[in-house]
Amino acid sequence: MTEEKIDRGKIEIDVDECKGCGLCIVACPVSVIEFSRDIINKQGYHPAQYKGSGCIGCGNCFYTCPEPGAITVYRLAKKQS
Amino acid sequence: MYEKILEKPRSFYDNYPRKDGDITVTHYCPGCGHGIAHKMIAEALSDLNLAERTILISPVGCSVFAYYYFDVGNIQAAHGRAPAVATGVKRANPDSIVISYQGDGDLAAIGGDEIMQAANRGEQITVFFINNAIYGMTGGQMAPTTLVEQKTTTSPYGRNPHNEGFPIRVCELLSSLEAPVYIERVSLHNSAARAKARKAIRKALQVQADRKGFSLVEILSGCPTGWKVKQPSDSLDWIEKYMLPYFPVGVFKDNTEKAEPFRYIENVPPKSELPKLIDIPMEDKVVQASMADLPGPYRNPRIKIAGFGGQGVLSLGVAIAQLGLMQGYDVSWLPSYGPEMRGGTAHCHVMVSEHIIGSPLVTASTVCVAMNKPSLEKFEKELVPGGLLITNTSMIDIEPTRKDVEWLPIPATEMASELGNIRFGNMVVLGAYLQKTGLVPLKVAFDGLHIFLKAKRFIPDNEKAIQVGADYVSKKLAGK
Ligand SMILES: Cc1ncc(C[n+]2csc(CCOP(=O)(O)OP(=O)(O)O)c2C)c(N)n1
Ligand code: SF4
Ligand code: SF4
Ligand code: SF4
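So the protein lines, in turn, are chains A and B.
Start counting at 1 in the first sequence, then tack on 23, and there's your number in the numbering used here.
Start counting at 1 in the second sequence, then tack on 101, and there's your number in the numbering used here.
For reference, chain A alone in the conformation it holds in the complex:
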């Protein structure tokens, strides 16, 4: 149906577990994470958020995030043949 390129990866950032340190933003090689300027989470930070597309599933953001559960990384499953 759509000819849109399918991203190799995607991430989820838990709004309330994020401390807005920005380390993941610096670590992302394709710059697909940003601060959400309009959200203030329950800890009082502007959390980081995924821009929504372009993730390559490298895991860099995960390994630089100091919060145990703030980031979850997904990768496109290999097609079973």
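Hints are computed from structural coordinates only; laboratory data are not their basis.
Don't be surprised by glycine CBs; every beta carbon is placed ideally from N, CA and C.
It is possible that part of the hints are untrue.
[What the hints assert, rightly or not] Pair by pair, the computed Cβ-Cβ distance ranges are:
#, chain 1, residue 1, chain 2, residue 2, range
1, B, N116, A, S76, 46 to 54 Å
2, B, N261, A, L99, 50 to 58 Å
3, A, F58, B, N116, 50 to 58 Å
4, B, K300, A, I29, 42 to 50 Å
[Unchecked claim] DSS-like mimics (lysine-lysine), calculated; alpha carbons at most 27 Å apart, straight line:
#, chain 1, residue 1, chain 2, residue 2
5, B, K474, B, K565
6, A, K28, A, K65
7, B, K576, B, K474
8, B, K565, A, K101
9, B, K474, B, K577
10, B, K359, B, K372
11, B, K105, A, K33
12, B, K252, B, K329
13, B, K105, A, K65
14, B, K577, B, K544
15, A, K33, B, K300
16, B, K359, B, K297
17, B, K105, A, K28
18, B, K555, B, K372
19, B, K576, B, K504
20, A, K101, B, K300
21, B, K565, B, K482
22, A, K65, A, K101
23, A, K33, B, K359
24, A, K101, A, K33
25, B, K105, B, K252
26, B, K359, B, K300
27, B, K565, B, K544
28, B, K377, B, K331
29, B, K331, A, K65
30, B, K105, A, K74
31, B, K300, A, K74
32, A, K65, B, K329
33, B, K331, B, K342
34, A, K65, B, K377
Given the coordinates of chain A, assemble chain B with the ligands onto it according to the supplied hints.
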């Protein structure tokens, strides 16, 4: 069609209930390197299947609360003492995986000798050493690892080597020792460095799992708060710019290939040999005697004996313990040395019991022997009501304040002086105590002299002193 590849490692708890703070997040500042290191360690423990048998020793420092996060066995140690605690835990549980997690203040300042000795002994533990060049927890004071010219609250003009010395390179120091098997320094400043850090953490744990020996990974780690950087991510540049030139990353020691899997050598002598080896002439007897014939208050005495250093209070304690042992009781003797050895009060704790003694520490004493005035003032308050208070009236010109105890005053020093030497005062008291309580027969005490008295030529004099003390009590009891 997407699958989860990286999520919160299983070796973390689901959440972190603690006194205050949100239980879904850590207590660390935004961007703190401790959190990054925690995640790598937790991931390694899960992937290597070690969490079930891991015991993590938390330090004092910002990571003091590491036990809130890791779903493993947890112990929190006094400042700098994690390697000592880890040593005990590992030796008592050789199959466990023991981690000493420490900051640079903890490890390199107050605990500097602890880590050196543990490494030198080649303890089978893994140390994760978080070097952030500062004391984070206490508000950013200078650490032994603080860099030259680095400003901290205690080096406000910058660390000056002429005053404060140069920063300590822990890996370099420890790798000069023979025993350590694996020592590496890694950094958390960028993704490539973090990949190496993850690998090193795994390797260090694997070294322990394979029983190869002591492993340590130093982790150059950001402290955005202590370094007062503008935004947390600037701490990564800070590591690169300031820390890396002085603290080069790399492997400093790696004997993992050569090291043979370690086994604790069981060269412990058989229990039956112990008395001989440590020069106790007695068999290691199970408690077999009974105090049923003694008046209640005199049974199972918990004794505090105190006096001037030269009054023989420690040897009086040894004597009572030895006699108890000869009678078949369980006994303990705990001396308290200290500055008192040079003039104040020395004291010892003695227990004689029909039961196995758990702790040799005497707190609520049932017998107090005060050989001088300061001892009376210091220790009479510890006596239980109805306890026995023996005071050496030759040296104490006041009455006890306690009226709810049994008081046995005896001019022990003067009586000993009449026998020719004031140093026999302790044996006068021994005689009086035995006569008063019947804990062991005098006959046993005379036999015991041959064991506990070092200078055998004084045996006759000491026998006399014991007898004189006993007679004093008999006469008193007879109403004379
Ligand atoms: C015996 C003792 N001395 C001093 C302190 C005060 N103290 C608490 S943490 C700390 C230093 C912590 O620095 P570091 O080990 O580098 O850990 P960080 O907080 O930077 O992670 C000090 C000196 C203490 N708690 N106990
Ligand atoms: S997984 Fe990699 S590409 Fe995707 S958001 Fe994280 S750092 Fe960026
Ligand atoms: S690294 Fe973690 S805590 Fe920091 S901004 Fe990114 S998601 Fe939030
Ligand atoms: S003070 Fe430094 S080491 Fe402590 S939690 Fe904050 S950033 Fe981490």
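So, going through the hints one by one against the coordinates:
no.: 1; hint: B/N116 - A/S76: 46 to 54 Å; in the structure: violated (31 Å)
no.: 2; hint: B/N261 - A/L99: 50 to 58 Å; in the structure: holds (55 Å)
no.: 3; hint: A/F58 - B/N116: 50 to 58 Å; in the structure: violated (25 Å)
no.: 4; hint: B/K300 - A/I29: 42 to 50 Å; in the structure: violated (31 Å)
no.: 5; hint: B/K474 - B/K565; in the structure: holds (26 Å)
no.: 6; hint: A/K28 - A/K65; in the structure: violated (35 Å)
no.: 7; hint: B/K576 - B/K474; in the structure: holds (25 Å)
no.: 8; hint: B/K565 - A/K101; in the structure: violated (96 Å)
no.: 9; hint: B/K474 - B/K577; in the structure: holds (23 Å)
no.: 10; hint: B/K359 - B/K372; in the structure: violated (36 Å)
no.: 11; hint: B/K105 - A/K33; in the structure: holds (9 Å)
no.: 12; hint: B/K252 - B/K329; in the structure: holds (10 Å)
no.: 13; hint: B/K105 - A/K65; in the structure: holds (26 Å)
no.: 14; hint: B/K577 - B/K544; in the structure: holds (21 Å)
no.: 15; hint: A/K33 - B/K300; in the structure: holds (24 Å)
no.: 16; hint: B/K359 - B/K297; in the structure: holds (22 Å)
no.: 17; hint: B/K105 - A/K28; in the structure: holds (20 Å)
no.: 18; hint: B/K555 - B/K372; in the structure: holds (26 Å)
no.: 19; hint: B/K576 - B/K504; in the structure: holds (23 Å)
no.: 20; hint: A/K101 - B/K300; in the structure: holds (26 Å)
no.: 21; hint: B/K565 - B/K482; in the structure: violated (32 Å)
no.: 22; hint: A/K65 - A/K101; in the structure: violated (37 Å)
no.: 23; hint: A/K33 - B/K359; in the structure: violated (43 Å)
no.: 24; hint: A/K101 - A/K33; in the structure: holds (15 Å)
no.: 25; hint: B/K105 - B/K252; in the structure: violated (44 Å)
no.: 26; hint: B/K359 - B/K300; in the structure: holds (20 Å)
no.: 27; hint: B/K565 - B/K544; in the structure: holds (12 Å)
no.: 28; hint: B/K377 - B/K331; in the structure: violated (68 Å)
no.: 29; hint: B/K331 - A/K65; in the structure: holds (23 Å)
no.: 30; hint: B/K105 - A/K74; in the structure: holds (18 Å)
no.: 31; hint: B/K300 - A/K74; in the structure: violated (30 Å)
no.: 32; hint: A/K65 - B/K329; in the structure: holds (24 Å)
no.: 33; hint: B/K331 - B/K342; in the structure: holds (15 Å)
no.: 34; hint: A/K65 - B/K377; in the structure: violated (68 Å)
Hint check: violations occur at hints 1, 3, 4, 6, 8, 10, 21, 22, 23, 25, 28, 31 and 34; the rest are consistent with the structure.
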